[in-house]
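The chain contents come next:
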Amino acid sequence: MFVASCSSRKESTQEVNLYSQRHYPVDELQYKNFEEITGIKVNVVKANADELIERLKNEGKSSPADLFITVDAGKLYKARESDLLQKVSTEVINENVNQELMDPDGYWTPITYRARILVYSKERVQKSELSTYEDLINQKWKNKLLARSSSNAYNQALMSSLVANLGPESAASWSEGVVSNFARDPKGSDRDQVRAIAAGQGDVAIVNSYYIGILLSSEKEQDVMAGNSVEVFFPNQGDNDRGSHINVSAIGLTKNSPNRENAIRLIEYLTSIEAQKVYVNNSYEYPVNVKVEPAQIVKNWGEFKVDRLNLNKLGEYREEAIKIFDSTGWK
Amino acid sequence: MEVKNSRFIIENKRWVFSSLLFSVLILLPVLVLLLNFFNGDQTTLNYLFGTVLFDYSFNTLYLILLTSFTSFVLGVFPAWIISNYDFVGRKFFDIALYLPLAIPSYIMAFTYIDVLNFTGPFQSFLRSYAFLPSDLFNIDYLQIETLGILMGLSLYPYVYTASRVSFSLIGSNYINVSKNLGLSSAQTFFKVILPLSKPAIISGLFLVIMEVLNEYGAVKYFGVNTYTSGIFRSWFSLGDINGAIQLACILIIFVLLLFYIEKKSIKNSQFYYSKNSDVFSGKLKRSNKNILFFLICLIPFLLGFIIPVISITNNVFNNFHETNFTKLFELTRNSIFVSSLSAVIIIIIALFFLFVNRISKIKSLSFINNLISLGYALPGAVIGLGLILLFSSYSLIGTFYVLFYAYIIRFLAVGKSPIKSSIEKQPESFDDTGKNLGLGPFKLLRQIHLPVNKYALVSAFILVFIDVMKELPITLILRPFNFDTLATQTYEFAVEEMLPLSSIYSLIIIVLSSVMLLILKKFVDKQLNVS
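Top line first, the protein sequences correspond to chains V and U.
Using our numbering, the first residue of the first sequence is number 7, and each one after it goes up by one.
Using our numbering, the first residue of the second sequence is number 459, and each one after it goes up by one.
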């Protein structure tokens, strides 16, 4: 590894620079495979998406970054609004990626997607009692709901989607209703919400789909035990309903990308069948390439209807969403 | 004795000038923040005041209180016992009680929740025996109170160290006098010793409070929004940099106030350590409360070190086959590199400042000298983003220059404090003798102050080394491409809820820091003996 990084410095043209919010072990694997196939060295800086946006903004034209990778389309929208991205479209990408998941404006390319769904206690809740996100404010869930804090980007994205779909006033009264049904103050990770259900501290939690996959596939007995105490539920699946909220992990090409061609090759590679298979089997996210199936654990939950909202709205309504959280006391 | 040495005075001026220049460099991010205070309008600030800021400020103060109380209890009592009584395990605990400092607060928090939660080993164990009260412990551990205790567990060594040194220096005269006046041991402790050691304990607590203000990973995990979270919320989520700057300025003012209190309490009590009391007479008392003493010392060590280390080690073994040793080696090398280099730079700068302050005797310089410690109180991410504002148009972000610059701003105070207390103890006659011999400032520094303060320099090196090794937000945001450290890797796995995978990296941080702490203990002892 060390030798490789030394030699690549000499042939400086063959590299691509990433600012990434993703830091899963699977990413390193992908970049290593890409390097082996193309000989293009992948350089990465990993940090919080907002911090990386600040860095890109201030670096301006002198930024070394070619690609900006996030786990939230909203952050890519924010980067684009700050004039940090350029459009990308190639035949290979269009061939690889499910058109329904693409950015309508062409500024970012999704590489995986994840659903923010509900999990419920196998012991204490019947599947038929659940239906939609909106129904979570029903009195019957008093002292039974669990979720993490509103500083979490996944919750902010979910709230943005509700603002976009239902309007700010309905979203605010939804937030108020959820807060009054909370079993405890929002805290911990998604995994901790599942553990709290196992512990009997609450019955229904809002979590990201892949965390359940990670729990169930864990080698730790206690993780599997927590994972097995709950069942997955996809909300808003009715015939006339909009579907469950999803968000993408996606890539944007920076406006001043110094290694543009290498960067586009990397996007093409990450959306290819080969790389998509690596994603689904390691991080339990959903593939964006229609020719690839999700991991078996994920497939077992069944197929679901996806909320087709333009994901740029998740960025557009972010500030509104945060203000709703603050004014309704979702900590 | 007034010494006339014209060369000394001219060079002295140059030194003062360059020291001022350095201070400006170090205060630059703070100055930039303060200058921008009136730039923004009041919208974000009004919004935050109207919604969450009261809650955030309350949480911050409450967390400071909880953590300080825990640190006080866990630090002061063992320090008193070890300084005065002989009992089984005393020597061992005198070293062991430092060790929790090797565990970063966020690792402490993540690890304990892993142990305590419903499916974790503690509750599973209780459930497997019907006669144990398993329901009693099935509670929500993600509470601000738990967080305060856990942070206290990893931070109490600051109070322990400070009070241990103070208790040793107080000497037996005071104790004898108070005994003669008919006070019991407990009365002596609370009525005589504690008031005498107030400045030491306050300076220990001061460090604890700074760490609480800076904590990011653990508070976020516990869903406890502190004042610092407010800065991030306004900067990132609401995209209002001016609002964030205004909040940061209020934090700076709060910290300045704490500074003032700390300095004042130390100033008011400098006469307490009398030189003629028999400090190291070696007369440790024997007591019939051996078991109680043993327990009082065992609890902080057990909870603050043994339990988390066992849990982490257990995870390491369970995931051993997944360990990537090439990477582990690389990250360890990176961590040692940034920690040792920044420690060296910081002790050079700290020594320079303190030395110039000493030879020049200008009052305002000593004020500035205190001011440059301010960086320690600023959240790492605020320093990082301040530097991004300053430097990114020069393509300097992502270079080691700016990374080390940020470490210097943040940790100069840590390196300064042991050197300061050592240099202040050296009699002025040292300088006068040097001047009489015709030494310029540089030779005076090299030939006299460097050797006599060497133990303090080593202590400073170690303290900075450990802090940089644990450092998170600055390294995350300012690091060069492909540069990971043990801390960043640990954090990335932990926030992605893959705690077992992070354990090998946290274990290396703990082992390296523990070794450094053991060395530190040796040097602190030597320093005590020298004085």
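Bear in mind the hints are in silico, worked out from the structure with no lab data behind them.
All values derive from a computational prediction rather than experimental measurement.
Please note: incorrect hints may appear among the correct ones.
No farther apart than 25 angstroms at their CA atoms in a straight line, the calculated lysine-lysine pairs in the PhoX-like style are these [unchecked claim]: (1) U:Lys-785 / V:Lys-226; (2) U:Lys-883 / U:Lys-656; (3) V:Lys-146 / V:Lys-337; (4) U:Lys-883 / V:Lys-38; (5) V:Lys-148 / V:Lys-329; (6) V:Lys-128 / V:Lys-93.
Pair ranges (Cβ atoms, derived) [to be verified]: (7) U:Phe-527 / V:Lys-133: 52 to 58 angstroms; (8) U:Val-969 / V:Lys-283: 35 to 41 angstroms; (9) V:Glu-309 / U:Leu-753: 57 to 63 angstroms; (10) U:Ile-724 / V:Lys-38: 52 to 58 angstroms; (11) U:Leu-493 / V:Lys-38: 44 to 50 angstroms.
Covered stretches of chain U (in silico footprint by chain V; criterion: 3 or more residues with CB under 8 angstroms from a CB of chain V, positions within the stretch not fixed) [claimed, not checked]: (12) 524–535; (13) 690–697; (14) 876–886.
Cβ coordinates follow ideal geometry from the N, Cα and C atoms, glycine included.
Is the straight-line distance between the alpha-carbon of Lys-883 (chain U) and that of Lys-656 (chain U) 25 angstroms or less? Roughly 19 angstroms between the alpha carbons, so the hint for Lys-883 (chain U) and Lys-656 (chain U) holds.
Does the structure keep Lys-148 (chain V) and Lys-329 (chain V) at a Cα separation of 25 angstroms or less? holds, 24 angstroms
Given the proposed pairing of Lys-883 (chain U) with Lys-38 (chain V), does the C-alpha separation stay at or below 25 angstroms? Violated. Lys-883 (chain U) to Lys-38 (chain V) sits at ~56 angstroms, over the 25 angstroms cutoff.
Assessment of proposed distance window 52 to 58 angstroms (beta carbons of Phe-527 (chain U), Lys-133 (chain V)): violated, 47 angstroms
Three-residue Cβ test at 8 angstroms for the coverage of the region 690–697 of chain U by chain V: holds (count 7)
Does the alpha-carbon distance linking Lys-785 (chain U) and Lys-226 (chain V) stay inside the 25 angstroms limit? holds, 23 angstroms
Three-residue Cβ test at 8 angstroms for the coverage of the region 524–535 of chain U by chain V: Violated - the region 524–535 of chain U has 0 residues with a Cβ nearer than 8 angstroms to chain V, which falls short of three.
Given the range 57 to 63 angstroms, decide if the beta-carbon distance of Glu-309 (chain V) to Leu-753 (chain U) lies inside it. holds, 59 angstroms
Lys-128 (chain V) and Lys-93 (chain V): Cα distance at most 25 angstroms? Cα-Cα ~46 angstroms, so violated.
Between Leu-493 (chain U) and Lys-38 (chain V), is the Cβ distance one that fits in 44 to 50 angstroms? holds, 46 angstroms
Does the beta carbon distance between Val-969 (chain U) and Lys-283 (chain V) stay inside 35 to 41 angstroms, or does it fall outside? holds, 38 angstroms
Counting residues of the region 876–886 of chain U that have a beta-carbon nearer than 8 angstroms to any beta-carbon of chain V, does the count reach 3? Result for this restraint: violated, n = 0.
Checked against the numbered hints given earlier, the structure breaks hints 4, 6, 7, 12 and 14 and satisfies all the rest.
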